[in-house]
Amino acid sequence: EDQVTQSPEALRLQEGESSSLNCSYTVSGLRGLFWYRQDPGKGPEFLFTLYSAGEEKEKERLKATLTKKESFLHITAPKPEDSATYLCAVQGRGGSNYKLTFGKGTLLTVNP
Amino acid sequence: NAGVMQNPRHLVRRRGQEARLRCSPMKGHSHVYWYRQLPEEGLKFMVYLQKENIIDESGMPKERFSAEFPKEGPSILRIQQVVRGDSAAYFCASSPQDVNGYTFGSGTRLTVV
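Chains W and H, in that order, are what the protein sequence lines are. The opening residue of the first sequence carries number 1 in the working numbering; numbering runs sequentially from there. The opening residue of the second sequence carries number 113 in the working numbering; numbering runs sequentially from there.
Next up, chain W with everything else stripped away, as it sits in the complex:
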C-alpha cells in the first residue's frame, strides 16, 4: 500500500526566512509525485509533478526536488501570501494507477 508522510505538521516562518518541507513516500513504482497548495475553504491547487529521482521544478519562490524516498519543497524568501497548507501525493504504477495517495499536509504560516 502506498504511503506518504509529511513533516513538519506545521511551520511558522518570518517573511524572508527560507525553509523546506519534507515528503517521505513508499510506493510500488512511482508514476508521479505531486505537490498541491490548499487555502482554507478551497480545493487543492496543483503546483508541481515530479517523475523521477533527481528531477527539480521551480515556480516563483518554490522549488520541488525528488529522490527515491522523499521530496522536498523549498521555499525561498517566503511572503505572507505563501501561507497555506501544502499537500504531497504519490501516484503508483500498479493496477490503481489513477489514485493519488495524499499526506496530511504541512500548514505553513508566514508572518510579516
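Treat the hints as calculated values from the structure; they're not laboratory data. Certain hints may be false.
[Claimed, not checked] Derived DSSO-like pairs (lysine-lysine); straight-line CA-CA distance at most 27 Å:
no.	chain 1	residue 1	chain 2	residue 2
1	W	LYS42	W	LYS68
2	H	LYS156	W	LYS79
3	W	LYS104	H	LYS163
4	H	LYS163	W	LYS68
5	W	LYS104	H	LYS174
6	W	LYS69	W	LYS104
7	W	LYS104	W	LYS42
8	W	LYS104	W	LYS79
9	W	LYS57	H	LYS174
Fit chain H to the given chain W structure using the hints.
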C-alpha cells in the same frame, strides 16, 4: 474555461437525511474522481468514474454511499441516511484521460447535525 465546478459549497443535513453532492468536470474531461477530507486527515480516494461507468469504488463505504456519472449532466455523490461521521469536505477532480494528476474543484463541505 471554467474549472471543476462543485455545488453546493456548503450543505447541512440532519442525521438520517440524504445528501446529494454535484460535480461538473472541466470541459473535455471524461474522468471524474471523488475524494473525502476528514478533519485532521489527508484526502482519501473514494471513487473513480467515467461516463456511465464506475471504474473503481473501492474507497467508498459499502453502505449508504453511491456515485454516478451519467451520459448527460454532472457526476453525483449520494449519501443516504447521513450520520455525524459523514461530516467532511468532499472534493471532486477531473482529467481528460488517464493522465498523471488532475484538477480539483473547491469542494462541498457537509455538516451533519
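Comparing the hints with the structure gives:
{"no.": "1", "hint": "LYS42/W x LYS68/W", "result": "31 Å, violated"}
{"no.": "2", "hint": "LYS156/H x LYS79/W", "result": "30 Å, violated"}
{"no.": "3", "hint": "LYS104/W x LYS163/H", "result": "31 Å, violated"}
{"no.": "4", "hint": "LYS163/H x LYS68/W", "result": "36 Å, violated"}
{"no.": "5", "hint": "LYS104/W x LYS174/H", "result": "24 Å, holds"}
{"no.": "6", "hint": "LYS69/W x LYS104/W", "result": "17 Å, holds"}
{"no.": "7", "hint": "LYS104/W x LYS42/W", "result": "16 Å, holds"}
{"no.": "8", "hint": "LYS104/W x LYS79/W", "result": "23 Å, holds"}
{"no.": "9", "hint": "LYS57/W x LYS174/H", "result": "40 Å, violated"}
In summary, the numbered hints that this structure violates are 1, 2, 3, 4 and 9.
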